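Student: Here's the letter readout for the chains.
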Amino acid sequence: MIVSTSRAAGLVLLLSLSLFVSPAFSSDPPETLADVDSVLASNGELDGKVVLVDFWASWCVPCRISFPWMKSLAERYGEQGFVVVAVNVDKDHNSAVEFLKQSDPPFTIIYDSTGSLAEKYGLEAMPTSFVYGRDGKLRSQHQGFHGEDTSKFETQIAELLRKEAKK
Amino acid sequence: MRLQLRKVAFIKPAVAALAAALLGGQALPATGQDNVETSLLLYSEKDRVEAAEGIVNVGKMLKGDRTLNLRLTYDALSGASPSGATPSSRVQTFTSPSGRGSYTINPGETPLDNTFHDTRFAGDITFGQPVGRMSALSLGAHLSSEHDYFSAGFNAGMTRDFNQRNTTVGLSGSVSFDNINPEGGVPTALAVMPGVGATLPREGSSDSKSTFDLVAGVSQILDRKTIVRFNYSFSHASGYLTDPYKIVSVVEPESSADAGEPVRYLYESRPDSRTKHALYGQIRRYIAGSTIDLSYRHFWDDWGVTSNTIELFYRQKLPGGHALQPHVRWYHQSAADFHRVYLLDGAPTPEHASADYRLARFDGLTLGLTYSLPIGENMHLNITPEFYTQRGDSSPPEAFGVLRQYDLFPDMDVIMVRAGFSYGF
Amino acid sequence: MKRIILLMITALIVAASLALGGCSHVGVKVWEHDILAKPEMQLDAGANDRALDDHIYFSKEASSGGRGFAGGGCGCN
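Residue numbers (our numbering), protein chains in the order written: chain A, 1 to 167; chain B, 168 to 592; chain C, 593 to 669.
For the record, the hints were derived by calculation from the structure and aren't laboratory data.
Predicted, not measured: the structure shown is a model, and the values here were computed from it.
Any given hint could turn out to be false.
To be verified - Calculated pairs, DMTMM-like style, for lysine to aspartate or glutamate (alpha carbon to alpha carbon, straight line, at most 25 Å):
#	chain 1	residue 1	chain 2	residue 2
1	A	Lys163	A	Asp37
2	C	Lys621	A	Asp35
3	B	Lys392	C	Glu632
4	C	Lys652	B	Asp460
5	A	Lys152	B	Asp232
Given these sequences and hints, build the entire structure.
Tutor: Here is the structure:
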């Protein structure tokens with residue numbers, strides 16, 4: 001049926017398949033909140049809190065979708081010492097401001113238009129969020145925003161708040 | 168290294184706790200957008216076919232980043248299509264495909280078969296499933312039905328992102344099974360077209376073909392404003408690939424007093440397999456609010472057809488979300504090995520012969536202009552008037568005798584209008 | 593014919609390995625997809641229009657095939 005050409009097609013297939021099994025990258029995000037702290041010059045405002053550092057952009061649809069959820073987390077757990085630091089990586093500052101005007105989240109916003117903080121965190125997906133415990137140590141990292149993961153994510157935050165009681 | 172952040176801002180906590188009520192943990196927001204896209208095409212060939220086609224496309228995001236896409240297409244066409252026969256200085260009478268009627272063509276005119284009319288309904292469904300963070304699988308099926316044609320098939324594909332999502336590699340394959348039920352049955356290849364009422368030379372009432380397609384490609388982000396992609400596509404079809412409605416004129420040889428006049432007509436004959444290849448390259452770049460897209464395709468097959476296609480889009484952003492997009496496409500193809508303008512009376516009949524102008528050597532040119540405008544939140548409308556023309560060799564070197572007086576590749580000019588509506592929610 | 597196929601495969605391999613080799617000047621970081629995420633930069637934008645076009649060309653010309661996967665875009669999730 002398919003004669004000499006099938007060999008070519010097979011080769012292409014093989015090549016493509018071989019590409020599918022290449023290894024993933026691994027990143028090495030900062031173990032502490034020192035970088036975020038130094039940007040915020042926050043004078044210890046984040047000390048003793050459970051901090052969610054979320055990298056987002058206005059052009060990133062999953063990021064936008066994650067905002068109402070993070071907002072609700074901040075509102076429900078704020079009193080227990082939960083803080084969201086939302087790091088915006090928009091190159092166009094106005095797009096970010098416009099989105100924040102609509103969303104109006106109770107977050108601390110860092111504008112990282114040059115991506116230097118994003119670079120430090122070695123982002124591999126948008127959005128990516130990093131959870132720090134009350135001791136300021138990195139506890140977990142979440143890539144992307146998937147609706148079905150939210151309850152697990154929330155449980156983890158609630159646990160961190162409970163386990164490490166306020167000093 | 169010191170951080171160089173442009174600005175640090177603190178946003179005051181908002182008062183509302185409304186979202187908390189809405190998001191009790193049950194609601195699972197999707198990570199993309201559902202969308203509906205509809206298109207309508209009106210198509211008109213000068214003195215030939217008129218057609219209308221409508222498409223409704225619905226894309227739905229499902230749980231777990233799965234996607235479902237459903238596309239329905241309906242089209243209707245009617246009018247006249249060149250039968251393949253050459254013009255003559257006499258009135259020509261042809262038997263209609265059903266064998267029950269006939270039509271006549273005036274001297275000097277290109278024989279057109281005006282019994283051409285059809286409606287087609289097609290549907291296809293595609294399901295997408297992410298595999299890990301970087302890969303996705305897709306599975307699909309299609310059905311298409313006309314009064315004389317039925318096609319069904321399946322497809323599967325996968326894509327994988329690499330290199331911090333700068334590179335996407337994809338591979339997809341599809342199979343299709345088609346059944347052809349020509350009006351009046353399947354004509355015997357190269358048999359003589361009989362007069363009205365006579366028994367038609369037939370091979371049966373229907374025939375079939377199967378097609379296997381493969382596309383392998385890679386797309387690569389070059390910089391913040393530029394993306395390129397390369398594809399190779401392979402297609403192998405086997406079975407009945409002949410057009411049952413096309414004929415070839417057998418004409419008087421040059422030595423005859425009636426040189427070039429038709430003696431009889433034969434039903435055309437094509438090989439029963441065809442292998443096609445295409446290489447495709449595309450670059451799109453964003454330049455100060457506008458977008459330029461340039462693509463090139465090189466195509467070849469084992470029927471001897473080689474073609475080159477260059478397509479250029481330029482999208483100019485206008486104030487208020489409006490945009491204007493002119494579009495040009497150049498196309499050139501060589502003739503199939505078995506393409507014949509005519510066959511000679513008295514000469515041996517070749518194994519395969521077709522006078523179908525679509526297998527001839529010709530150039531195509533498309534000019535279009537798309538105007539798009541927002542008509543609401545996430546709602547867009549676009550309108551595209553388009554002009555498409557085919558220019559072939561009106562007096563090919565093989566023309567002789569009476570054939571030299573006539574246009575053997577009349578220009579085909581098409582005017583089209585496309586209207587599209589899209590809604591994301 | 594075979595030579596063309598071979599050439600084409602070589603081109604594909606070169607393109608793929610260039611991309612995978614992680615040539616540091618090619619490509620952007622995941623947070624730099626602001627322009628690539630725009631609707632007009634999606635390679636599969638206007639799929640209906642292209643489907644209508646391809647249907648016309650398929651029935652009026654002897655060639656087909658070419659267009660394939662999208663890629664690029666937001667690069668999210």
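Student: Which of the numbered hints are not met once you compare them with the structure shown?
Tutor: Violated hints: none; all satisfied.
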